[in-house]
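Fit chain V to the known structure of chain U by using the hints.
For the protein sequence lines, the chains are U and V, in the order given.
In this text, residue positions in the first sequence follow this note's numbering: the first is 1, and each later residue adds one.
In this text, residue positions in the second sequence follow this note's numbering: the first is 1, and each later residue adds one.
Please keep in mind that the hints were generated in silico from the structure rather than gathered at the bench.
Computed from a predicted structure; not experimentally measured.
All C-beta atoms in this analysis are idealised placements derived from N, C-alpha and C, irrespective of residue type, glycine included.
One thing to keep in mind: the hints can contain errors.
[Stated by the list, open to error] One side only, chain U facing chain V, incomplete, derived with CB under 10 angstroms:
(1) TYR79
(2) GLN80
(3) ASN323
(4) LYS396
(5) GLN397
(6) SER454
(7) LYS460
(8) ASP462
[Stated by the list, open to error] Every beta carbon over 12 angstroms from chain U, so not counted as near; a handful from chain V, in silico:
(9) ALA70
(10) SER78
(11) GLU84
(12) ARG267
(13) GLU444
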Amino acid sequence: MRIILSPYEYRELIQAGLAASTAADTVDPQPRTLFTPDRHRAALEPNITVVRGARGVGKTFWFKALQDGTLRSLAADDYQLERLKSVETLAGYGTELRPDVYPGPASLGRMLENGDDPYDIWMAVLLRGLGTPELQQLSSWPERVQWIRSHPDEQDEELAAADRRASENQATQLVLFDALDRLHSSRERANQLIQGILRLALDLRTRTRNLRAKVFIRPDMFDSLTLHFADASKLTANAANLAWSATNLYGLLFHQLGNADSRHAATFRNETGGWRSAEDHRYVPPRSLMGDQEVQQEKFTDIAGPWMGANHRKGYTYTWLPNHLMDGIGQTSPRSFLRALTSANEETGDKFAGHKYALHWDGIRRGVQAASSTRVAEVAEDLPWVLTAMQPLAGKQVPIDRETIVDCWLADDLATGLSSNGKESNESEVRTGPRNPTDYDAIIRELIEIGIMSRRTTGKLDLPDVYRIAFGLGRKGGVPRIQA
Amino acid sequence: MTIRFDDAWGKGLEVAKQAAVSTHLDVVLVRDVLGRGSLVIDDSGGEELAATLVEALGTKLAADAGPFVASAPVTLASTLFLPEQVLRARDLVTVQERTVVGGQVSMLERGLVGAEWLRPRPESDSERSNRVALYGFKGGVGRSTATFMLAQHLANQGRCVLTVDLDLESPGLGALLQGDDDLPAYGLVDYLVESAVGNEDELDLVAQSRMVQVEGNGEVWVAPSGGRPREGYDYLAKLNRAYLDLPWDDAGERPTSLADRLEAAVRSCEAQVAQLSRPPDVVLLDSRAGIHDIAAIAITQLADLSLLFGTDSAPTWNGYRALFQQWSLVPKRARAIRERLRMVAAMVPRDRREDYLEVFRDHAQSCFAATLYDDVPSRSDLEGDAELFNPAPDDESAPHAPLPILFIPELVGLDLAARPGWHEIDRSAYATFLDSASELIVGER
Numbered sequence: 001m002r003i004i005l006s007p008y009e010y011r012e013l014i015q016a017g018l019a020a021s022t023a024a025d026t027v028d029p030q031p032r033t034l035f036t037p038d039r040h041r042a043a044l045e046p047n048i049t050v051v052r053g054a055r056g057v058g059k060t061f062w063f064k065a066l067q068d069g070t071l072r073s074l075a076a077d078d079y080q081l082e083r084l085k086s087v088e089t090l091a092g093y094g095t096e097l098r099p100d101v102y103p104g105p106a107s108l109g110r111m112l113e114n115g116d117d118p119y120d121i122w123m124a125v126l127l128r129g130l131g132t133p134e135l136q137q138l139s140s141w142p143e144r145v146q147w148i149r150s151h152p153d154e155q156d157e158e159l160a161a162a163d164r165r166a167s168e169n170q171a172t173q174l175v176l177f178d179a180l181d182r183l184h185s186s187r188e189r190a191n192q193l194i195q196g197i198l199r200l201a202l203d204l205r206t207r208t209r210n211l212r213a214k215v216f217i218r219p220d221m222f223d224s225l226t227l228h229f230a231d232a233s234k235l236t237a238n239a240a241n242l243a244w245s246a247t248n249l250y251g252l253l254f255h256q257l258g259n260a261d262s263r264h265a266a267t268f269r270n271e272t273g274g275w276r277s278a279e280d281h282r283y284v285p286p287r288s289l290m291g292d293q294e295v296q297q298e299k300f301t302d303i304a305g306p307w308m309g310a311n312h313r314k315g316y317t318y319t320w321l322p323n324h325l326m327d328g329i330g331q332t333s334p335r336s337f338l339r340a341l342t343s344a345n346e347e348t349g350d351k352f353a354g355h356k357y358a359l360h361w362d363g364i365r366r367g368v369q370a371a372s373s374t375r376v377a378e379v380a381e382d383l384p385w386v387l388t389a390m391q392p393l394a395g396k397q398v399p400i401d402r403e404t405i406v407d408c409w410l411a412d413d414l415a416t417g418l419s420s421n422g423k424e425s426n427e428s429e430v431r432t433g434p435r436n437p438t439d440y441d442a443i444i445r446e447l448i449e450i451g452i453m454s455r456r457t458t459g460k461l462d463l464p465d466v467y468r469i470a471f472g473l474g475r476k477g478g479v480p481r482i483q484a
Numbered sequence: 001m002t003i004r005f006d007d008a009w010g011k012g013l014e015v016a017k018q019a020a021v022s023t024h025l026d027v028v029l030v031r032d033v034l035g036r037g038s039l040v041i042d043d044s045g046g047e048e049l050a051a052t053l054v055e056a057l058g059t060k061l062a063a064d065a066g067p068f069v070a071s072a073p074v075t076l077a078s079t080l081f082l083p084e085q086v087l088r089a090r091d092l093v094t095v096q097e098r099t100v101v102g103g104q105v106s107m108l109e110r111g112l113v114g115a116e117w118l119r120p121r122p123e124s125d126s127e128r129s130n131r132v133a134l135y136g137f138k139g140g141v142g143r144s145t146a147t148f149m150l151a152q153h154l155a156n157q158g159r160c161v162l163t164v165d166l167d168l169e170s171p172g173l174g175a176l177l178q179g180d181d182d183l184p185a186y187g188l189v190d191y192l193v194e195s196a197v198g199n200e201d202e203l204d205l206v207a208q209s210r211m212v213q214v215e216g217n218g219e220v221w222v223a224p225s226g227g228r229p230r231e232g233y234d235y236l237a238k239l240n241r242a243y244l245d246l247p248w249d250d251a252g253e254r255p256t257s258l259a260d261r262l263e264a265a266v267r268s269c270e271a272q273v274a275q276l277s278r279p280p281d282v283v284l285l286d287s288r289a290g291i292h293d294i295a296a297i298a299i300t301q302l303a304d305l306s307l308l309f310g311t312d313s314a315p316t317w318n319g320y321r322a323l324f325q326q327w328s329l330v331p332k333r334a335r336a337i338r339e340r341l342r343m344v345a346a347m348v349p350r351d352r353r354e355d356y357l358e359v360f361r362d363h364a365q366s367c368f369a370a371t372l373y374d375d376v377p378s379r380s381d382l383e384g385d386a387e388l389f390n391p392a393p394d395d396e397s398a399p400h401a402p403l404p405i406l407f408i409p410e411l412v413g414l415d416l417a418a419r420p421g422w423h424e425i426d427r428s429a430y431a432t433f434l435d436s437a438s439e440l441i442v443g444e445r
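Looking at chain U on its own, in the form it has when it is part of the complex:
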């Protein structure tokens, strides 16, 4: 006999399965919770160099997971991507400050001021990582870069030797770059450093067989680069995109439930059926639960009921939830999705405990509100300038005129606020600012590019609710709020 979880048991399971993954701090990937959405396969292929991904879609997650043998092997199995098992990785840049492995923002800034070529900087990082003894012996990055500049022949020999070693091991040597918005506070300087990374990446492709770079980068940063070097189009052409479809998001939910640290997880797996048991107590959901909308909708209906109200005209829970979490460019971050669910779960437990389903539609509505804070916190982490730019608009209502926005910014002297953003004394707080902090129309355009705002055909600007709510803006309407 099939055992079906009760609404109460489902709430316990959701609580156990999603609590950790929605914590504000980035959680390091774990075997049990490693989820492999179909769309992300291309991003892991060793031969793909550029991986575009907005804030919160998993760039850092994969950057870390690829450096972990166990996780790499699990991903290789899930994606049937055997080559991933014979990959050796080293970090070229990342969120963590690791001056022994790569230079930090302060050091990078000084080297740029001294006129060092960014290409040489990253070559130094790569060769040091590959074990070139001369570089290992030097104690500072400027010295290492100096060595690279003065030893072009040795540089080539070292690369060729590393290529040979990798070939003997039948491995691909992968150098990974992440957190490119933490290279430098000035967009121009950051762009120079990124150009250096991409030139190196292209060089590896053309000059070696087994050395490859993988560069995780925000789409707006990548797209605004003007790549001046030959064959740059090769990088653009085979770039992969990290994005989450609604099906991926639900796949993630079911994966987390099946792997939850809860006595109900096994019941849930039985209920849905077809799970594959992998190493380390990890369970992989059947393909249908990961990718078949009908199967997913049926399962989610067991959890949340079919509709966002008393009848079908109120919309379907399955489509309503991800749709209402989308930003201006149609993206939903997995963390905001899970946050909406945990919050809906708590809300239902508190207020609608007797409801027929584990999640009540009013709870889901509240969940979407709560997810807005999560999304804004995510963005603030990488793009603090967005927070600075949006604060003066709090208290306004959308749709809003361009003139009103600019007036708010002028009154607040945003240009000054943004330029002081770059003056962080603490290296770990360095983030790249907007392309042009003094041109307010350019800032609006940039906010549109990253999905914070959207320009309507009426000429007015709007904010998707996932940002509007937590940024403290209202929405104009003709029916006054009910007086209490």
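Using the frame of chain U, we list chain V on its own:
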């Protein structure tokens, strides 16, 4: 400055609100057929009102509303012969509830046309079938053709569909769905005229459509506005009498308002289909265009869902805005009706479909937001925000999100009924509309 009609109403309402505070009594602002306002103060509890206060309110109203003030600006309910005709009138609209500081403020429109837009929808009873009104503020956008297609689509899912032609002024649906000879003997106008004198029993009002080809177990029935054309059948004479709101009969039992008689007519059609075949799963009400009482009744009182047709043009949006404003006067009404509305973008140009729909959507959103959506204050606490209804422009499930029907040049200026086989037209133009409308109506594509 000269006070015009538009200003007078708002001014009058302000005075009414002041009166409710200064008297602590309920106040009704009545607007007569010429647009002149007067206040009726409910002193039926025996309250004593100072004559100076009453006079001051009258003077204030006369000063603020200019020529649009009645000869007796303020009347006390206790002096009226039949006070309940004002205080408990069925069209009374409450603008402001009673509070600690003042009485309730209501308004009463004594207009010629348009009162139906303000009448509340009766409590829906669950036994009723699924009724959908198809309405266009401007005519000539392919509404009847869409009704035909939708009826066939739903019938192909195995459902029993009744289509009702409420476009009494320019009937057309009946002819689209049925040849003249196969029409029932009587139509909606007959019911409206006969029911006014209690003679509506045993009118044949429905016939199963022979024109709609249905696969499977579905059926399409038609209730035309007029019966089979024949000698001695005078449509016009009946039409002229159909719209009347009749005084209640002596027993006070017979439904006599136009809305009540229309409701009874549709019920009667449903019952006849049920008797001849099976109860209809869906009733499609092809409403007439413009601001007309029939349309008002169909949308506010007969239908569970209204599909509002339009092209992206200033007249369309001005029209809908005017219409929605009627409801937005009373927040409670706006809240009750807005989620039962859905825009249909008619005659969408094929070659620039995406751009056109984007513009349409934004115009529709502006129109709905300004009149029917809740104002969401900024920095509202998260709790409150979730309660409010104001879907974002791109919300696909919002009332303003258009269901598209593509433009079919062949249909322009064509007398469809005279062209057998016309419905072999390009169906792909309707594909999205049919799928989405069907999902809204019956929860299945």
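Checked hints:
1. Interface restraint check: TYR79/U against chain V, minimum CB-CB distance 32 angstroms, threshold 10 angstroms, status violated.
2. Against a cut-off of 10 angstroms between C-beta atoms, the interface hint on GLN80/U is violated, since the closest Cβ of chain V lies about 34 angstroms away.
3. Nearest Cβ of chain V to the Cβ of ASN323/U: about 6 angstroms, under the 10 angstroms cut. The hint holds.
4. At about 6 angstroms, the closest approach between the beta carbon of LYS396/U and any beta carbon in chain V falls short of 10 angstroms, and the interface hint on this residue holds.
5. For GLN397/U, the interface hint holds, since its Cβ comes within 10 angstroms of a Cβ in chain V; the closest pair sits about 6 angstroms apart.
6. Given the 10 angstroms rule on beta carbons, the hint for SER454/U holds: about 7 angstroms separates it from the nearest Cβ of chain V.
7. Hint status for LYS460/U: holds, given a least beta-carbon distance of 8 angstroms to chain V, under 10 angstroms.
8. Annotation: ASP462/U was flagged as interfacial toward chain V, and the flag holds, the nearest CB pair being 6 angstroms apart, inside 10 angstroms.
9. Distance to chain U confirms ALA70/V as a non-interface residue, since its nearest Cβ pair spans about 29 angstroms, more than 12 angstroms.
10. In this structure SER78/V is separated from chain U by more than 12 angstroms, as the shortest Cβ-Cβ distance comes to about 30 angstroms.
11. With a minimum CB-CB distance of about 28 angstroms to chain U, GLU84/V clears the 12 angstroms threshold, and the non-interface call stands.
12. In this structure ARG267/V is separated from chain U by more than 12 angstroms, as the shortest Cβ-Cβ distance comes to about 21 angstroms.
13. At the 12 angstroms boundary, the C-beta of GLU444/V falls inside the reach of chain U, the nearest C-beta of that chain being 9 angstroms off.
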